[in-house]
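There are 6 protein chains.
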Amino acid sequence: MSQTLTHFDARGDAHMVDVSAKPETHRIGVAAGQITMQPETLAMIRDGAHRKGDVFGVARLAGIMAAKRTGELIPLCHPLPLTRVTVEFMVDEAANAVCCRATTETVGRTGVEMEALTAATVALLTIYDMCKAVDRAMTISEVRLLEKHGGKSGSWLADPAV
Amino acid sequence: MSQTLTHFDARGDAHMVDVSAKPETHRIGVAAGQITMQPETLAMIRDGAHRKGDVFGVARLAGIMAAKRTGELIPLCHPLPLTRVTVEFMVDEAANAVCCRATTETVGRTGVEMEALTAATVALLTIYDMCKAVDRAMTISEVRLLEKHGGKSGSWLADPAV
Amino acid sequence: MSQTLTHFDARGDAHMVDVSAKPETHRIGVAAGQITMQPETLAMIRDGAHRKGDVFGVARLAGIMAAKRTGELIPLCHPLPLTRVTVEFMVDEAANAVCCRATTETVGRTGVEMEALTAATVALLTIYDMCKAVDRAMTISEVRLLEKHGGKSGSWLADPAV
Amino acid sequence: MSQTLTHFDARGDAHMVDVSAKPETHRIGVAAGQITMQPETLAMIRDGAHRKGDVFGVARLAGIMAAKRTGELIPLCHPLPLTRVTVEFMVDEAANAVCCRATTETVGRTGVEMEALTAATVALLTIYDMCKAVDRAMTISEVRLLEKHGGKSGSWLADPAV
Amino acid sequence: MSQTLTHFDARGDAHMVDVSAKPETHRIGVAAGQITMQPETLAMIRDGAHRKGDVFGVARLAGIMAAKRTGELIPLCHPLPLTRVTVEFMVDEAANAVCCRATTETVGRTGVEMEALTAATVALLTIYDMCKAVDRAMTISEVRLLEKHGGKSGSWLADPAV
Amino acid sequence: MSQTLTHFDARGDAHMVDVSAKPETHRIGVAAGQITMQPETLAMIRDGAHRKGDVFGVARLAGIMAAKRTGELIPLCHPLPLTRVTVEFMVDEAANAVCCRATTETVGRTGVEMEALTAATVALLTIYDMCKAVDRAMTISEVRLLEKHGGKSGSWLADPAV
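Protein chains in written order, with my numbering: chain A, 1 to 162; chain B, 1 to 162; chain C, 1 to 162; chain D, 1 to 162; chain E, 1 to 162; chain F, 1 to 162.
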């Protein structure tokens with residue numbers, strides 16, 4: 001690993017990297033994460049999705065809207081006009097967890113990995129917010145990039161063994 | 001656990017809970033999280049902090065600024081004028097991880113737990129952004145509330161055994 | 001009506017009116033509005049609310065989140081920390097319309113009428129956005145204040161005859 | 001009308017629709033709306049425009065600036081770099097109303113109808129804000145799309161008879 | 001001057017200073033600045049203010065709205081609910097300049113100096129934006145605090161001789 | 001100078017100018033400014049950069065992040081996806097000043113001069129914020145465009161003699 005951190009210039013000062021000369025290509029980012037909780041909390045969320053009190057509906061929208069504001073939150077991130085955002089949830093009963101998976105796309109000069117990670121993270125934080133009155137010890141973990149496509153470095157897939 | 005999710009009304013519709021009648025009290029929230037990476041990535045961050053390319057400096061600011069925007073990101077969160085925000089980092093060599101701890105305070109009608117969690121999460125996402133060119137498999141985990149103080153429910157401390 | 005427009009000073013220049021000396025009182029604003037559409041569009045929304053594709057759930061969140069950003073949208077509006085926001089929908093079959101009612105509250109130096117009107121309006125615009133692919137001629141109307149409470153001028157109720 | 005609501009996927013979950021494969025075309029959106037008021041209020045606005053206290057000037061800017069933030073307000077709207085925004089007002093003495101007309105343009109993968117509707121709506125809400133001290137019963141109505149151009153579906157014009 | 005920079009803690013890390021224990025007092029900030037230009041540019045602005053093309057009207061609103069967003073722009077600034085904002089302009093024919101003066105007020109735990117400086121600066125930048133097509137060499141200068149009142153340190157007035 | 005202010009239409013009403021038909025070209029903007037202070041304040045900043053309390057690091061990030069929000073702050077500015085932002089500081093011991101230079105780039109239909117000016121200005125305001133506890137009389141001046149490239153009007157360079 002002989003590379004250096006590209007977000008700093010030769011003097012060590014932070015900058016927003018120059019991507020002016022890069023071509024616009026179709027970019028995809030996929031990120032995931034999970035939130036672990038008490039079995040009773042998970043039951044309340046799962047029941048609400050079917051009956052009333054749709055935690056997933058609120059958290060999904062929060063994630064989608066946050067993806068659009070990634071450039072405001074992450075200081076050196078380039079602003080990008082997203083062309084697609086999806087946020088999905090899956091209940092993992094064995095792990096007492098809700099798993100979240102976010103996909104973002106654009107046609108642009110840089111990747112949308114941070115947008116996918118931001119969508120997943122804010123969606124999980126929103127689940128925390130909605131359930132914290134009954135379970136303050138919920139924990140968010142396994143937030144990571146699963147896939148990226150497009151750009152000069154092409155496709156990258158997370159090691160499934162991890 | 002006979003409680004229900006307070007962010008939904010009797011019909012199951014989401015709402016921003018009424019806190020108009022609550023008194024203003026001094027509120028504190030403390031949250032933590034970590035990001036695990038390759039040893040070489042950790043070395044680059046640690047060295048930069050001393051020499052040039054201050055990843056922690058950028059991530060700390062990102063966390064502080066994100067705390068102020070929590071009410072925009074988390075749909076049912078009350079907007080609050082924060083009176084203090086700190087974001088600290090600690091290198092855990094054994095775990096190949098950077099640990100982040102965020103503290104938020106206000107004098108207000110609701111707690112600042114979400115502000116602390118948002119600060120910690122965005123700070124960790126910013127570390128991911130700055131190092132992703134050399135290590136795409138970094139993983140954020142252990143994002144959780146450590147403490148809260150103030151309000152009717154008083155103080156709460158996370159179980160240290162977890 | 002011998003009054004003048006308070007948002008302008010003696011020279012006719014716009015300003016954000018001085019409320020520094022006003023006491024903090026409990027303020028409530030209630031606003032309403034409706035969106036008229038084709039009967040088939042209304043049927044799709046109504047069915048979705050029970051089965052899948054919850055237009056009301058998305059529009060409700062959009063209204064709540066917009067209320068928090070009123071001070072950014074309306075140039076001379078004072079920023080206010082809202083203590084409650086609710087957005088409700090009612091289907092008016094006879095009028096082929098969805099009626100929206102938003103309530104906002106704060107403890108502050110100025111009223112929250114604009115916050116209630118902004119919540120109702122953005123909720124209705126979101127319904128338009130979600131259904132525009134099937135019905136571009138939907139029309140938003142009857143957007144008005146229903147009630148306000150608190151502050152020096154006390155309570156005000158819209159004339160029900162209108 | 002055999003169409004379904006495109007903002008939901010096959011499971012009924014909200015998403016930001018994929019427009020990655022759509023070509024960039026010149027898009028135009030035109031929207032209108034009006035606000036009805038007491039004759040005395042209308043006189044104050046109209047006089048101010050000539051003498052002092054330019055309500056239209058403030059409302060026009062509010063509408064233009066809101067158009068740029070449409071993607072933040074409407075949850076499933078794609079963010080778009082607008083290439084033109086205009087907001088015009090016309091006094092309708094017979095109806096005791098101010099009529100507003102907003103035009104938005106871009107070169108992009110999706111339409112700018114929501115941007116035009118948001119500009120018109122926020123401009124009208126700003127008129128309400130500036131005159132509410134003298135007339136709380138003002139009502140916003142007739143908010144609708146007048147025209148759209150560009151994209152696969154081409155041009156659409158509102159039925160003038162309505 | 002034995003003081004240190006309060007925006008850094010004992011380790012030299014940036015933080016948002018703790019003001020939780022400070023009482024809420026009435027705070028006022030007054031800032032000024034000017035923009036120098038070609039005499040022909042100044043004539044266009046001055047004429048427009050009377051006839052058509054109101055540069056001051058647009059710049060004034062931009063300054064007022066920017067004051068409300070100071071906490072988002074200045075990283076370690078506390079968010080504050082402003083209770084008053086005014087932005088005034090004065091033409092200085094001799095200096096070929098427009099002078100701007102902004103006043104901000106709140107009842108809060110920290111001062112509103114940054115809000116006044118931000119209002120004045122963004123107002124002047126807006127004048128630059130509106131006139132840059134005819135005069136790219138305009139220069140903003142003399143941006144400084146004129147007065148502050150309230151808080152533990154009480155009143156401070158800029159040295160008029162400077 | 002027979003030109004008129006392009007930000008107003010034929011009636012004198014403000015609008016966001018139509019750039020729909022302009023081609024996308026590589027645009028560069030370079031702006032500068034400075035902040036003058038007491039020699040002791042300058043010493044604290046300069047020492048901190050080497051030891052602890054990195055004022056430049058915080059101000060640089062503030063400028064970069066503000067550049068991304070130019071379209072929200074300057075009312076008639078077109079929103080643009082920036083492809084590069086840098087903010088540099090230089091200490092001018094003789095003038096007791098910190099000089100700031102910001103460079104912005106995009107591939108778009110309008111220029112990025114306002115983005116460069118906004119970055120420089122907010123960076124300087126942040127220096128004021130961080131040092132105001134020890135020196136309230138600091139003054140920002142010489143904020144001006146140095147260069148612009150791209151677009152129909154091509155390159156422009158400020159007169160170095162000024």
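Be aware that a few hints might be false.
Interface residues of chain E toward chain C, partial, derived using beta-carbon atoms under 7 Å [claimed, not checked]:
1) Lys22
2) His26
3) Ile64
4) Met65
5) Lys68
6) Thr83
7) Val85
8) Thr86
9) Glu105
10) Val107
11) Val134
Read the hints as simulated data drawn from the structure, not as lab findings. We treat Cβ as the ideally placed atom computed from N, Cα and C, and that holds for glycine.
The hints, checked one at a time:
Because the closest C-beta pair between E/Lys22 and chain C is about 17 Å apart, greater than 7 Å, the hint is violated. A cut of 7 Å between beta carbons decides the hint on E/His26: the least distance to chain C is about 6 Å, and the hint holds. Interface hint status for E/Ile64: upheld, as the beta-carbon distance to the closest one in chain C is roughly 6 Å, under 7 Å. Against a cut-off of 7 Å between C-beta atoms, the interface hint on E/Met65 holds, since the closest Cβ of chain C lies about 6 Å away.
At about 5 Å, the closest approach between the beta carbon of E/Lys68 and any beta carbon in chain C falls short of 7 Å, and the interface hint on this residue holds. Annotation: interface hint on E/Thr83 holds; nearest CB of chain C at approximately 4 Å, less than 7 Å. For E/Val85, the shortest C-beta to C-beta distance to chain C is roughly 4 Å, which falls under 7 Å, so the interface hint holds. Because the closest C-beta pair between E/Thr86 and chain C is about 4 Å apart, less than 7 Å, the hint holds.
For E/Glu105, the shortest C-beta to C-beta distance to chain C is roughly 5 Å, which falls under 7 Å, so the interface hint holds. Evaluation of the E/Val107 hint against chain C yields a held restraint, the C-beta minimum of about 6 Å falling below 7 Å. This hint is violated: E/Val134 has a C-beta 24 Å from the nearest C-beta of chain C, more than the 7 Å allowed.
Violated hints for the displayed structure, listed by number in ascending order: 1, 11.
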